[in-house]
Amino acid sequence: MRPATKSTPESALQEQTRSQENTMTSAIDMIQRLPQPPERSAKTPGGERGHIEIRDVSVEFERSGDWATAVHRAQVDIRPGEFVCLLGPSGCGKSTLLNAVAGFVTPTRGELLVDGAPVTAPGPDRGMVFQQHSLFPWKTVRDNVAFGPLMSGLGRNEAMSLARTFLGLVGLSAHANAFPATLSGGMQQRVGIARALANYPSVLLMDEPFGALDAQTRTMMQESLLDIWSEFGNTVLFVTHDIDEAVFLSDRILIMSASPGRIIADISVDLPRPRIQDLLTRPEFMALKRECLDLIRRETLRAFEQQNGQAG
Amino acid sequence: MSLNNSDIGGEAGSPVIDQVDTPAADTVATMARQAPVRLPETVRRYLVRVLALLAALLVWHWASSRGFNLFINFENVPGPLVVGQALIEALSSADFYLHILHSLRRIAVAYVVAVVLGVGLGILMGRSRLAEDIITPYIELLRPIPAVAWIPLAILMMPSEESSIIFITFLGALFPIVINTVHGVEQTPKVLVRAARSLGASNAAILRHVVLPGALPSIVAGLAIGMGVAWFSLLAGEIISGQYGIGYFTWSAYTLIQYPQIIIGMLMIGGLGTLCTLLIKLLCRPLLRWQVGENDR
Ligand SMILES: Nc1ncnc2c1ncn2[C@@H]1O[C@H](COP(=O)(O)OP(=O)(O)OP(=O)(O)O)[C@@H](O)[C@H]1O
Ligand SMILES: [Mg+2]
Numbered sequence: 001m002r003p004a005t006k007s008t009p010e011s012a013l014q015e016q017t018r019s020q021e022n023t024m025t026s027a028i029d030m031i032q033r034l035p036q037p038p039e040r041s042a043k044t045p046g047g048e049r050g051h052i053e054i055r056d057v058s059v060e061f062e063r064s065g066d067w068a069t070a071v072h073r074a075q076v077d078i079r080p081g082e083f084v085c086l087l088g089p090s091g092c093g094k095s096t097l098l099n100a101v102a103g104f105v106t107p108t109r110g111e112l113l114v115d116g117a118p119v120t121a122p123g124p125d126r127g128m129v130f131q132q133h134s135l136f137p138w139k140t141v142r143d144n145v146a147f148g149p150l151m152s153g154l155g156r157n158e159a160m161s162l163a164r165t166f167l168g169l170v171g172l173s174a175h176a177n178a179f180p181a182t183l184s185g186g187m188q189q190r191v192g193i194a195r196a197l198a199n200y201p202s203v204l205l206m207d208e209p210f211g212a213l214d215a216q217t218r219t220m221m222q223e224s225l226l227d228i229w230s231e232f233g234n235t236v237l238f239v240t241h242d243i244d245e246a247v248f249l250s251d252r253i254l255i256m257s258a259s260p261g262r263i264i265a266d267i268s269v270d271l272p273r274p275r276i277q278d279l280l281t282r283p284e285f286m287a288l289k290r291e292c293l294d295l296i297r298r299e300t301l302r303a304f305e306q307q308n309g310q311a312g
Numbered sequence: 001m002s003l004n005n006s007d008i009g010g011e012a013g014s015p016v017i018d019q020v021d022t023p024a025a026d027t028v029a030t031m032a033r034q035a036p037v038r039l040p041e042t043v044r045r046y047l048v049r050v051l052a053l054l055a056a057l058l059v060w061h062w063a064s065s066r067g068f069n070l071f072i073n074f075e076n077v078p079g080p081l082v083v084g085q086a087l088i089e090a091l092s093s094a095d096f097y098l099h100i101l102h103s104l105r106r107i108a109v110a111y112v113v114a115v116v117l118g119v120g121l122g123i124l125m126g127r128s129r130l131a132e133d134i135i136t137p138y139i140e141l142l143r144p145i146p147a148v149a150w151i152p153l154a155i156l157m158m159p160s161e162e163s164s165i166i167f168i169t170f171l172g173a174l175f176p177i178v179i180n181t182v183h184g185v186e187q188t189p190k191v192l193v194r195a196a197r198s199l200g201a202s203n204a205a206i207l208r209h210v211v212l213p214g215a216l217p218s219i220v221a222g223l224a225i226g227m228g229v230a231w232f233s234l235l236a237g238e239i240i241s242g243q244y245g246i247g248y249f250t251w252s253a254y255t256l257i258q259y260p261q262i263i264i265g266m267l268m269i270g271g272l273g274t275l276c277t278l279l280i281k282l283l284c285r286p287l288l289r290w291q292v293g294e295n296d297r
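If you're matching them up, the sequences are chains A and B in order. Our numbering applies: residue 1 is where the first sequence begins, and numbers increase by one. Our numbering applies: residue 1 is where the second sequence begins, and numbers increase by one.
If you are wondering where the hints come from, they were derived from the structure by calculation, not from laboratory data. Using N, Cα and C, we set each Cβ at its ideal position, and we do this for glycine too. Among the clues, some could well be false.
[What the hints assert, rightly or not] If you anchor each label on the Cβ, the simulated ranges turn out as follows:
{"#": "1", "chain 1": "B", "residue 1": "ALA131", "chain 2": "A", "residue 2": "GLY91", "range": "44 to 54 Å"}
{"#": "2", "chain 1": "A", "residue 1": "GLN306", "chain 2": "B", "residue 2": "LEU117", "range": "54 to 64 Å"}
{"#": "3", "chain 1": "A", "residue 1": "ARG73", "chain 2": "B", "residue 2": "ILE145", "range": "52 to 62 Å"}
{"#": "4", "chain 1": "A", "residue 1": "ILE276", "chain 2": "B", "residue 2": "ALA131", "range": "49 to 59 Å"}
All chains, please: the whole structure from these sequences, using the hints.
Next up, the structure:
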């Protein structure tokens, strides 16, 4: 129930002191110094932002004359500040649903609202972190991060100092002048996160952002993502097909199944925060993981049977 | 030749390297420190290229002085020494420089117009399907027409001889620039456009920050090819007329049967064309700095 308490000053303070015991101390210091234009900050007291309403949304693609359903009548309400994972096998429509929220894909049915406003196009209130390389290769790391602030009308100096701050946040200050091609995959993904955050989005959309990383880098990135999120308090919608990752990160897991892409379960994850890697071996974690696995297995079997029935 | 090569590297490795005046000089210097005996890759490769040209000179000299005649006849071809002498003579006459100057000016005017129009059209075609469908047939139809074939129409249509020469040169440069620009613009990765949009970029900002820089490697390739084609189109144009121009110089040497001058003209066109192409590449290089390391990913 963290999101509900997030805006009170005491809890924010507690969070800060708690986080300072973590390794990201310097980064947290930096966040406290972040210039936060009130109307853009996700932590604005009074009006919490980042409320996602997915109302009976379907997405269909035309494929050689036929219509294929990628997302089938999804119905979700995501509270401001919630960390939600979309979990499901490859091809079940996770990216499609995420892209619909981002405004890249238009639903063929239903309605999508972010903070009460219907989604019609991509916008800076919904930051996006992609799975593939998506940094501008011709811009330095700093210019990549400064791009959003510049586009929102900030002056060059302000945008640059924001970029510096956010690069510090992801631990890449030393690489500000490098071109993306000279960074490792993990570093590039961190730049991608900094770039999305620099716009102070109320919603952060992440499409398997750590999918291409090795296990070790991946766990480090997960921990620092949680650190950053706990400070920003924005809503995160995170796509993954890794059950461990979903359980470790989220407040809530939406399980999707293929044929056609449907949300088949909505599991709340009541594990304590801050979460550290030790959690992975704890019985509560195991139990939740088993629950997800069972659900996915049952659904997959059901889908198989259905297909067999149709074929026979 | 390889023996020669390593000799130079062995005794004069570092002094040669210290004088190298290229952007790669730093890396060259560090490489030299690590392996003082071997010449760095780039220097070695350029050395091979220079030696290859010298070898051609030697063969030419040998063939023309011996009167080599086996299918290819060198009996009446002036040797490199004769041509060299004629070149020194030409270089000491003011007229020769006027020829070069006139050609350079025509190239400059035609090229600038071709770049502006070519890149502009290319972007338009790459971004708008309608524009592409309207313009593509013209380009496909006109592109295979050689510059020489344009001479009569150019004379008919253009107000002056000078402008018809420039028109023909311009046409030569235009097509490769347009085609490469379209190609580059159409290759813009979708994910980058999406990223820009979700960061709040307008269409104009996407064009400037995503589409154009992404197309730049392809555009630069088109600019370099366009420069080469401009030079051989210029020659066709200068056959028309004029009193000056390196093409005119070559053509009049041909009508007067001055063989050494013909060869000088040919080499001059080749040399100037190469130099101009090199210049374009050098000028564009800072714009493509981000590609360093991109290819060994
Ligand atoms: N632009 C498109 N045109 C046609 N079909 C599409 C398009 N985008 C996605 N699809 C189809 O929709 C379905 C869901 O795709 P989606 O990319 O959302 O899956 P996913 O769950 O993200 O899979 P993965 O984990 O492999 O990324 C797939 O069958 C895919 O082929
Ligand atoms: Mg996907």
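Structure versus earlier hints, numbers of those that do not hold, lowest first: Going through the list in order, the structure violates hint 1 alone and respects the others.
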